[in-house]
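Student: Starting from the known structure of chain P, arrange chain S on it as the hints suggest.
Protein chains: 2
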Amino acid sequence: MTAPEDRNAGPGPSASKGTVISVDAMGGDLGPAAVVAGLDRSAKKNPDIRFILHGPQEELSRLVAKRRHLGGRVEIREAPGVVRMADKPSQVMRQGQGTSMWSALESVRNGEATVCVSCGNTGALMALSMVRLRKLPGVSRPAIAVLWPSRNPQGFNVMLDVGADIRADAQDLLQYALMGASYARNGLDLVRPRVGLLNVGTEEHKGRAELHAAHQLIEGHAGDANYDFVGYVEGGDIPGDRADVIVTDGFTGNIAIKTGEGTAKLIGDLLREAFAYTPLSRLASVLAYTSLRRLQKRIDPRRVNGGVFLGLNGTVVKSHGAADATGVSAAVKLAFQLAQSGFSERLAQRIAGAGEAIPVASGSQQNGTHA
Amino acid sequence: MTAPEDRNAGPGPSASKGTVISVDAMGGDLGPAAVVAGLDRSAKKNPDIRFILHGPQEELSRLVAKRRHLGGRVEIREAPGVVRMADKPSQVMRQGQGTSMWSALESVRNGEATVCVSCGNTGALMALSMVRLRKLPGVSRPAIAVLWPSRNPQGFNVMLDVGADIRADAQDLLQYALMGASYARNGLDLVRPRVGLLNVGTEEHKGRAELHAAHQLIEGHAGDANYDFVGYVEGGDIPGDRADVIVTDGFTGNIAIKTGEGTAKLIGDLLREAFAYTPLSRLASVLAYTSLRRLQKRIDPRRVNGGVFLGLNGTVVKSHGAADATGVSAAVKLAFQLAQSGFSERLAQRIAGAGEAIPVASGSQQNGTHA
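Heads up: the sequence lines are chains P and S, in that order.
Under full-length UniProt numbering, think of the first position of the first sequence as 1, with each following residue one higher.
Under full-length UniProt numbering, think of the first position of the second sequence as 1, with each following residue one higher.
Heads up, a few of these hints could be off.
Unchecked claim - Straight-line Cα separation of at most 25 Å, SDA-like style, residue types lysine to any residue; simulated pairs: (1) S:Lys88 to P:Val230; (2) P:Lys297 to S:Leu287; (3) S:Lys265 to P:Arg298; (4) S:Lys206 to P:Pro89; (5) S:Lys135 to S:Asp87; (6) P:Lys135 to P:Glu112; (7) S:Lys206 to P:Met85; (8) P:Lys265 to S:Glu203; (9) S:Lys206 to P:Ser140.
Stated by the list, open to error - Which bits of chain S does chain P cover? Going by a derived footprint, with three or more residues having C-beta under 8 Å, they are: (10) 143-152; (11) 243-255; (12) 291-297.
Stated by the list, open to error - From the structure, some residues in chain P lie toward chain S, with a derived Cβ separation under 7 Å: (13) Gly236; (14) Pro239; (15) Phe251; (16) Thr252; (17) Asn254; (18) Gly260; (19) Gly262; (20) Ala264; (21) Leu270; (22) Ala274; (23) Tyr277; (24) Leu280; (25) Leu287; (26) Arg294.
Think of the hints as simulated: they come from the structure by calculation, not from any bench.
Note that CB positions come from ideal geometry on N, CA and C, so glycine has one too.
Bound-form chain P, shown alone:
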């Protein structure tokens, strides 16, 4: 790791021990104040975390100075430009230099950080990540993976792709299976994740031709790549307990998670209405406050905030555009966990191993099967 100049007060993030996360301060709907507030929460909870924060120096210095847990733990990198939500990815790829998003990826590219967090424009972030970080050898289409609340003991399932690419052939779906299984091992601590392939029924004859081919490929790699293949799963299994990793193309995955999110939000709003309906129900909501908070925490999309871009040289965590401090902090927590586990390196080895169709020889000393 290089030792970048520290423009903030106190010793720089790389001057002392700790895991460094590169953070794009701009481009989220709530602006840099929400991002800095999220970093402050994370810093409070986690003494081992440090940040390189990218955006307009002056504004960010002011915001960081107000936060008591960020002293000496944030290095600010001047990047005056901002990628807006409406900007076209192709345009950002050509003219994005000097933006906070570009700069945040640069810290991963040059090895100062292994994970980058951004709340910005998803399409632009993926396009920039592709050109600046480049795809892992052997990966044809990177994917966006999300954690989705589920009935499994770990509380979440991994689902991918949720929108990096609207197309995926059988080979792409196999790579998603490998990447999703790696993510589940490192992000959810599952030693041998169960992988399912999303379809309209669990019978083997159902669904599109590319799914039948993918079924064979994913089944064939299960032993070498250290996952269990449970075959086809349905939409109801995304929040279910039949699989830990749900593999699908980015068109279907994007629509599925947005439907699930929208339904969860509708129910949440109706629940609030129900409790406000009568004086008795308002009293009930006071009595049930702690229990309801626990439920909310379990299913709040902000808590599982952070789609992860997989298949690149380095990991990018995309937080919701509308993320508030809670959401940003959740994305940072995920980034920290992935950085700590050496996820990027392990995933690269896993994909390279599968490309050669031989069992992977893991370089990790901690756990040979944990890639």
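Tutor: Chain S only, in chain P's frame:
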């Protein structure tokens, strides 16, 4: 309407006034007792409803005799065979004669009823409906439409196709838009429904090529076919208020609704757990009982039970396989509403009109634009 022989006590359903629904008593997970219990509920609430019930005569007679609201309102048709959930559609098409499902469709085919209700095997029911009822002139792929809880004033949106066919080209998607708009007019009483085309983003350049072609077609027919086209919508709009009718292919639609259903069920279960957690929260749930019941009623999938097969000569309401009395009764209510509104005939006119690409000349005397 013909006057079938009444084998049950009292005057037959067609001997007196009322709308006749043809019901498949068998093939649901809970057996004919749940179906008969559902009919009893519907009969209690609705004095204008009558049934032709298909299945094993002896067993059904016994079940019907126990129900006080069904006296004189059910005609039983002997059909000893049962289509099982595991039966292959192709097999049922060849060997299905003599099953309750076949018999139930026969009553629509011969005009004794305009709507059929079944809890049986979806694939077999669609296959049998195709060969026995046949597609409407001008329809290439029939579709399954569902009602989904939404933020709209009517409380539900129409979504189709949710699984009749895994493929749909631009012309099919246009027909889904026409059929979905008709369904929304007749099932939800919306004079001019807003139609949206499901995609991964609302920008015009996003998504697959067939969606761009469908966008143009659906937009072009909006004036003639009396709906508003709101353009592309996303997964979050299925439970939202931007559109009343969501158009998509059967693969995407099936996965989206199953994801939404699974998520709603997970939240419901977690909510129950949350309220059982402490003595205080248990007390709270008692106080909030009425409000929570109201919420449950609003989002209970059993209440919106009933996918509707569109694009056939006659309407088929497919109830959930696991439907209990509440679920069956909800499906019957929907069937009744569609039968009363003359939906089948209106839809046929609408499709024929769009095929000729001229404004439709409605034959309805009640409301010329209500097809």
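Student: Indicate, hint by hint, whether the structure satisfies it.
Tutor: Status of each hint after checking the structure:
1. S:Lys88 to P:Val230: Given pair Lys88 (chain S), Val230 (chain P) holds - Cα atoms ~22 Å apart, limit 25 Å.
2. P:Lys297 to S:Leu287: holds, 23 Å
3. S:Lys265 to P:Arg298: holds, 14 Å
4. S:Lys206 to P:Pro89: holds, 12 Å
5. S:Lys135 to S:Asp87: Holds - the C-alpha atoms of Asp87 (chain S) and Lys135 (chain S) are around 23 Å apart, at most 25 Å.
6. P:Lys135 to P:Glu112: Holds, at about 19 Å.
7. S:Lys206 to P:Met85: Satisfied, since the Cα-Cα distance of roughly 15 Å is no more than 25 Å.
8. P:Lys265 to S:Glu203: Given pair Lys265 (chain P), Glu203 (chain S) holds - Cα atoms ~23 Å apart, limit 25 Å.
9. S:Lys206 to P:Ser140: Holds, because 21 Å separates the two Cα atoms, which is no more than 25 Å.
10. 143-152: holds (count 3)
11. 243-255: holds (count 6)
12. 291-297: holds (count 4)
13. Gly236: holds, 4 Å
14. Pro239: Holds, because the Cβ-Cβ distance from Pro239 (chain P) to chain S comes to roughly 4 Å (cut-off 7 Å).
15. Phe251: holds, 6 Å
16. Thr252: holds, 6 Å
17. Asn254: It holds, given that the least Cβ distance between Asn254 (chain P) and chain S is near 4 Å, below 7 Å.
18. Gly260: holds, 4 Å
19. Gly262: Interface hint status for Gly262 (chain P): holds (4 Å vs cutoff 7 Å).
20. Ala264: holds, 6 Å
21. Leu270: holds, 5 Å
22. Ala274: Check passed: Cβ of Ala274 (chain P) comes within 4 Å of chain S, closer than 7 Å.
23. Tyr277: holds, 5 Å
24. Leu280: holds, 5 Å
25. Leu287: holds, 4 Å
26. Arg294: holds, 6 Å
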